[in-house]
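Place chain B on chain A using the hints.
The chain contents come next:
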Amino acid sequence: MQKGFQRPARLLGPARPGKGEDFLKQTANYQLNQWEKTDRILMSDFNADNQKLDAAIKDASPYRAVVDVTTTAEASVVEVDVSGIDFTGYFKLEVFMDAPGAGSGMGLRFNDETNYIGMVTSGDSTVTFGSTYSVYFDDPSYGMAWLYMPAADAHVASMSLHFVQSSHFGYGHQFVSQTLAWGDVTTLKFCCAEGTFPAGSHFAIYGVRK
Amino acid sequence: MTIQVLLCGLDGTQTLETREVPEDYFSPEQPQEDAE
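For the protein sequence lines, the chains are A and B, in the order given. Residue numbers for the first sequence follow my numbering, beginning at 920 and rising by one. Residue numbers for the second sequence follow my numbering, beginning at 3 and rising by one.
It is worth saying that the hints were derived from the structure and are not from the lab. Hints should not be assumed to be uniformly reliable.
[As the list claims (entries may be wrong)] FRET-style restraints, in silico, Cβ to Cβ:
id, chain 1, residue 1, chain 2, residue 2, range
1, B, Leu12, A, Asn1034, 24 to 32 Å
2, A, Asp1043, B, Gly14, 43 to 51 Å
3, B, Glu25, A, Pro1117, 18 to 26 Å
4, A, Ser980, B, Gly14, 32 to 40 Å
5, B, Glu31, A, Ala1100, 21 to 29 Å
6, B, Pro24, A, Tyr949, 51 to 59 Å
7, B, Pro24, A, Lys977, 40 to 48 Å
Here the structure is a predicted model, which means the values were calculated and not measured. Note that beta-carbon positions come from the ideal geometry of N, C-alpha and C, so glycine has one too.
In isolation and in its complexed conformation, chain A is listed as follows (with noise of 0.2 Å):
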């Protein structure tokens, strides 16, 4: 037998005689089909091996595009539902929003959530404020943002970095809901708080899978 090569035990494609044996070899780890001049090629076969791969390459990393929105029109708000992805899933997120040729400022809500608190800290002191925004980087400006680990009951927060260009000046702010868990956010909003996202603008949330 062929190094790295395993003959199963079990019956995973359609039986056929092929030099001797009653199964196709396979590859260790994915059980991938391994043809003999002898064996017969079969499309059934092909299929469930790019079936395995598309599922191992999926798998491959725990990073990935929980949402990626790329906009068809203008808006001033573009709201993503996002009731069907279980947020609990996940490490943390990150949020990213590139529109160029955006109106001033950009924010990130949940639901219809408009009370957040915000904190800055400077020295020893810590400085609280409210804000309408999970997330929101200043015109013109672009930032980062992370979501904390988001815990069914766990209130919605975020810890964001931006860059005004016209200021030279960078801002660090961390956000939590007064009232809404991670459990209960079926939509995001992304708002231009003065003008319009134009078409073609882009908005994606990746995630670290627990």
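Chain B only, in chain A's frame:
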């Protein structure tokens, strides 16, 4: 005021909707307060 909202599904569907919202709908600011 009237705004355009783009409703997006995870299946790739996108629908543009007109919605009426308060004038201060997009304002990020709430009253500030200092903490210890």
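We went through each hint and held it up to the structure:
1. Leu12/B x Asn1034/A: 24 to 32 Å: holds, 26 Å
2. Asp1043/A x Gly14/B: 43 to 51 Å: holds, 50 Å
3. Glu25/B x Pro1117/A: 18 to 26 Å: holds, 23 Å
4. Ser980/A x Gly14/B: 32 to 40 Å: violated, 22 Å
5. Glu31/B x Ala1100/A: 21 to 29 Å: holds, 25 Å
6. Pro24/B x Tyr949/A: 51 to 59 Å: Given range 51 to 59 Å: holds, Cβ gap about 56 Å.
7. Pro24/B x Lys977/A: 40 to 48 Å: Once the Cβ atoms are compared, 43 Å apart, the range 40 to 48 Å for Lys977/A and Pro24/B holds.
Checked against the numbered hints above, the structure breaks only hint 4 and satisfies the rest.
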